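Model the full structure from these sequences, guided by the hints.
The opening residue of the sequence shown carries number 45 in the numbering used here; numbering runs sequentially from there.
There may be inaccurate statements among the hints.
[Stated by the list, open to error] Distance condition first, Cα-Cα at most 25 Å in a straight line; then the derived DSS-like pairs of lysine-lysine:
hint, residue 1, residue 2
1, K118, K135
2, K198, K184
3, K317, K345
4, K153, K227
5, K94, K148
6, K118, K94
7, K118, K97
8, K221, K208
9, K190, K317
10, K228, K216
11, K198, K221
12, K135, K227
By construction, these hints were calculated from the structure, which means they are not laboratory data. Keep in mind it's a predicted model, so treat the numbers as computed, not measured.
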Amino acid sequence: MNKRIPLLLLVALVVLCTGCISEMEKYNAVKKTGSITVTDDFGYNVTIEKVPKKIVSLAPSNTEILFALGLGDKIAGVTDYCNYPPEALNKTKVGGYSTINIEKIVALKPDLVVAAYGNGIENIETLRNLNITVVALNPKNIDDIKKNIELLGKVTGTEENASKLIDQINEKIDAVKDVVEGKKRVRVAHIIWHDPIYISGNNTFINEIITIAGGENVFADLDGYVAINIENLIEKNPGVIIVSSGGGMGGKKNVVYDWVVSDERLKGINAVKNGRVYVIDADIISRPSYRIVEAVETVAKFLHPEAFN
Numbered sequence: 045m046n047k048r049i050p051l052l053l054l055v056a057l058v059v060l061c062t063g064c065i066s067e068m069e070k071y072n073a074v075k076k077t078g079s080i081t082v083t084d085d086f087g088y089n090v091t092i093e094k095v096p097k098k099i100v101s102l103a104p105s106n107t108e109i110l111f112a113l114g115l116g117d118k119i120a121g122v123t124d125y126c127n128y129p130p131e132a133l134n135k136t137k138v139g140g141y142s143t144i145n146i147e148k149i150v151a152l153k154p155d156l157v158v159a160a161y162g163n164g165i166e167n168i169e170t171l172r173n174l175n176i177t178v179v180a181l182n183p184k185n186i187d188d189i190k191k192n193i194e195l196l197g198k199v200t201g202t203e204e205n206a207s208k209l210i211d212q213i214n215e216k217i218d219a220v221k222d223v224v225e226g227k228k229r230v231r232v233a234h235i236i237w238h239d240p241i242y243i244s245g246n247n248t249f250i251n252e253i254i255t256i257a258g259g260e261n262v263f264a265d266l267d268g269y270v271a272i273n274i275e276n277l278i279e280k281n282p283g284v285i286i287v288s289s290g291g292g293m294g295g296k297k298n299v300v301y302d303w304v305v306s307d308e309r310l311k312g313i314n315a316v317k318n319g320r321v322y323v324i325d326a327d328i329i330s331r332p333s334y335r336i337v338e339a340v341e342t343v344a345k346f347l348h349p350e351a352f353n
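What follows is the structure in structure tokens.
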């Protein structure tokens, strides 16, 4: 009898553990497929009933993040301006950024629409009133971008990929900070457009990028994206001028650069005199996507080239 007791106990333990594993599997399945409620950047509590299988993205930045999370095969529609990664060009188009086509979105029967502030609140409300699940994003800084990546990871069941992507962002930013630490800050102006002259001021992605990259935004005393006159630019006399390719408008590549280096009134500015006017891809510096770290690295190399040799 005594010899059989351990055997009976072993059998009971196996049965018990099997039951535990079964319950754990059920728990994980519920966690993966059950509904969750999140709060988006508009303050809406959004309930996701199941892991979405068909997603529509209404901003280039959203599209970039969704692809980076490994959701390319689940993206059913994007805007006309979603051009990265290249696979996004093959997706069904649902209109422009602020001119989205509600009918096309509805026709795709999405489980989830990832919207952005620039789509317009009325459009977003219309989609919600049509019982379409909408998560709306409006990041204001790099920390907000990381929070949005985490949020999208939760609602799409890709938390692990989201965590890895955030870690990569942190690693690249920390690497740049290490390189420029102790360097004298370079006075910088970022020009978006030239007619009228639009610059990036405080509380913008670009201002944050300049600061991380070891620069000082000469227009940090202004808030947001602001129109200035040419006298303001001359007076600030930046040591480096960075312009966005195409200026984000008009489709003419480097038109802003051509203006800066050729306008006689700007010849006395240090950046122009010393050949320190640079062009950066408008897509990476203006979109609140994980690729913002590429802008940080590029700007740091503009400002402190000697540190990256």
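Query raised in the report: Can you give the numbers of the hints that this structure goes against, from lowest to highest?
Result: 4, 9, 11 and 12
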